[in-house]
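Here the protein sequences come in this chain order: V and Y. Take the first sequence: its position 230, counting from 1, is numbered 230 in the working numbering, and each next residue is one higher. Take the second sequence: its position 144, counting from 1, is numbered 144 in the working numbering, and each next residue is one higher.
No lab work stands behind these hints, which were simulated from the structure alone. Note that beta-carbon positions come from the ideal geometry of N, C-alpha and C, so glycine has one too. Hints may contain errors.
Said to hold, decoys possible - Label-pair restraints from in silico Cβ distances:
| # | chain 1 | residue 1 | chain 2 | residue 2 | range |
| --- | --- | --- | --- | --- | --- |
| 1 | V | 266 | Y | 109 | 19 to 29 Å |
| 2 | V | 415 | Y | 139 | 11 to 21 Å |
| 3 | Y | 152 | V | 42 | 51 to 61 Å |
| 4 | V | 102 | Y | 18 | 17 to 27 Å |
| 5 | Y | 133 | V | 9 | 24 to 34 Å |
| 6 | Y | 54 | V | 344 | 51 to 61 Å |
| 7 | V | 93 | Y | 152 | 36 to 46 Å |
| 8 | V | 102 | Y | 102 | 37 to 47 Å |
| 9 | V | 352 | Y | 141 | 39 to 49 Å |
| 10 | V | 229 | Y | 118 | 50 to 60 Å |
| 11 | V | 352 | Y | 153 | 38 to 48 Å |
Claimed, not checked - To be clear about the criterion: a stretch of chain V counts as covered by chain Y if any three or more of its residues have a C-beta under 8 Å from a C-beta of chain Y, and this derived list gives those stretches:
| # | stretch |
| --- | --- |
| 12 | 97-107 |
| 13 | 148-161 |
| 14 | 293-305 |
Listed below are the residues making up each chain.
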Amino acid sequence: MADWFSHLHPAIQALIRVLLLVVPILALVPGLIWWERRLLSWMQDRIGPNRVATITWSKTSKFVPPFLRGKKTSIFGLLQPIADGVKLFFKEDITPSAVDKVIYFIAPGIALFPAFALGATLPWGPYPSLTPISNANVGVLYMLAISSLGVYGVVLAGYSGNNKYSLMGGLRASAQLISYELAMSMSLACIVLATGSLRMTDMVHEQEKPLWGLAPFLQNWYVFTPFGFVAMVVFLICMVAETNRAPFDLPEAENELIAGYHTEYSSMKFAVFFMGEYAAMFIFSGVLATVFLGGWNALPINWDWVAQHSTIPVFSGLADIMGKLNYWLAPLWFMGKITFMISVYIWLRATLPRLRYDQLMSLGWKSLLPLATVNFIVVGAWILVSRIVAENASNQMMGAIAGVGLWVVAGVFVYSIWRVLNKMSGEPVLESRSVTLVDPSKEGVAAS
Amino acid sequence: MNLPEWLTPNLAIFATIGGVAALAALGVVVLNNAVRSALCLVVCFFMLAFLYFTLNAEMLGILQIVVYTGAIMVLFLFVIMLLNLGPMKSLIQQRDPKMIVGGAMGLALAGMIGAQVLAPLVGVQEPRAPEGFGSPQAVGYSLFSGYLYPFEIASILLMVGIVGSILLAKRRI
């Protein structure tokens, strides 16, 4: 992009790239907390935080303009996160006497590290010199590797607290994160297979190609392909589980485990855990936007193609302007997609009750993992069929075979979805929980 | 700044990462708290991954993190936490002739390996793999062409392992 940038020392270039990713996240996390509280309260028909930063103008002061005297100016409680931050800073920092001191102190740092390191291969715009921090040829694999480190902070916090509830939270977290990592990797593997590269920027460029190889004015975002849609659903569920958010917040289930793994943490150490969770939400949303939702592109339309091929001059001029907006405001579009995904997070939290432990395990291992694996086969079939169609576009026989092949692909796809839905709505496997249930219709309730 | 000529930035980074890895490896053996030993092993593996990165072998480094740091060590920690192992106070022996013999043999082993390894490394400034070596494409291509049979046999072995562990873990099938 800019010529002067490439003349800087490589270390300074790298530093600028890191700051361009980390500073916006650090700055936006308080806004994210405000947005979560407001949206959640709106969804639950409450008012939510709307008091902080309401200014009541003086009735008598000469410094206040006459039209403001005695009025109240409200900015929707936008400064609530600052009040929360001040509260967290000035709370007493209690270290229980029985904790494992060294691990207790380093655990919040270990929890924060993967949340920020995740973003190293995430491109937020079509500017190769500014983003991503490292355009390594192992992009997605790097993301999976770093997200698997997220377990350590939680597990060590749970262990070092020397408290049975903390330990339970830590154990639950490690089981949950390991289980959902597999399905997440499989769903990303589908996209890697379709792209033919592990690089994040390659994935975005692949999604700028014509839709299904047929419609050159539309972009082939992976959401619009059947395998991509299934992979996105699997990835979305796994992403919520990986960030320990409701309905997968078993490690910190407040009505079972007090506060789970961070029961023994107070003040700023707790705030660091909080920060890590929100930063991870942020970056996972960005990964989903990059891999499935076309990355930094605003709309799934190839503006350049429209500008070149439109016969109406007004349209081509408009498309040209839109293409330029799409290029220069890319971070804005990317941010918009992240905001949308974070709203989905909050929506899920407002809607779904927490899963039971056996439901969590059966959803991860018996539904999502087989679905992602079947999806992997579907991607293979899709690529095969599209190659046959592309090579033999004139041959009708091959066209017919390809059509049948596509139907088989669609059939496998529908069958797999039906199977998962069937499993999810089924009765819970009660004997596997080794709990004897009392039947209320007989003597059970009446006797007591 | 007048740095000696042999101290290139690459060597400084290599020495830092390698030194931390070696210290962490020492910590695994020396510390007597099981969780801290496991953590030292995590740090050691992580530093090894960084060493691979500096050698231009990104794929190898990432696999090191995914397999060892992300999967195996988490299971180690899980088991240690499940058993809730503290420091083993009852097992510290004061004077043991085995320690002297063991130390001597360890030094001998280190000397033997060092004699073989150090000589070729003298004067090496910048050990790097060529560009594109060990990239995902190259690894995938060789796995599915030249090494197809070993790859498939390894996957069958893993399958047998999974079935066997289910057989052992399940009370009734």
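The hints, checked one at a time:
The hinted window of 19 to 29 Å between residue 266 of chain V and residue 109 of chain Y is violated, with their beta carbons roughly 49 Å apart. For the pair residue 415 of chain V and residue 139 of chain Y, the supplied restraint of 11 to 21 Å is violated, since their beta-carbon distance comes to about 34 Å. A hinted range of 51 to 61 Å holds for the C-beta pair residue 152 of chain Y and residue 42 of chain V, which are about 55 Å apart. Distance hint for residue 102 of chain V and residue 18 of chain Y: a CB-CB separation of about 24 Å, consistent with the stated range 17 to 27 Å.
A C-beta distance of roughly 27 Å is found between residue 133 of chain Y and residue 9 of chain V, which places it inside the suggested range of 24 to 34 Å. Separation of residue 54 of chain Y from residue 344 of chain V is about 39 Å and departs from the stated range, judged on CB atoms against 51 to 61 Å. Between residue 93 of chain V and residue 152 of chain Y the beta carbons are some 56 Å apart, a value that contradicts the proposed interval 36 to 46 Å. Taken as a hint, the range 37 to 47 Å is violated for the pair residue 102 of chain V and residue 102 of chain Y, whose Cβ atoms sit roughly 28 Å apart.
Residue 352 of chain V and residue 141 of chain Y have their C-beta atoms about 44 Å apart, which keeps the hinted 39 to 49 Å range intact. Taken as a hint, the range 50 to 60 Å holds for the pair residue 229 of chain V and residue 118 of chain Y, whose Cβ atoms sit roughly 57 Å apart. A C-beta distance of roughly 44 Å is found between residue 352 of chain V and residue 153 of chain Y, which places it inside the suggested range of 38 to 48 Å. As drawn, the stretch 97-107 of chain V meets chain Y at 3 residues by the rule of a beta-carbon pair under 8 Å; at three or more, the given contact holds.
Using a Cβ-Cβ cut-off of 8 Å, 8 residues of the stretch 148-161 of chain V lie near chain Y, which meets the minimum of three, so the contact claim holds. Counting residues of the stretch 293-305 of chain V whose C-beta sits closer than 8 Å to any C-beta of chain Y gives 0, which falls short of three, so the coverage hint is violated.
The structure does not agree with the numbered hints 1, 2, 6, 7, 8 and 14 stated previously, though it agrees with the rest.
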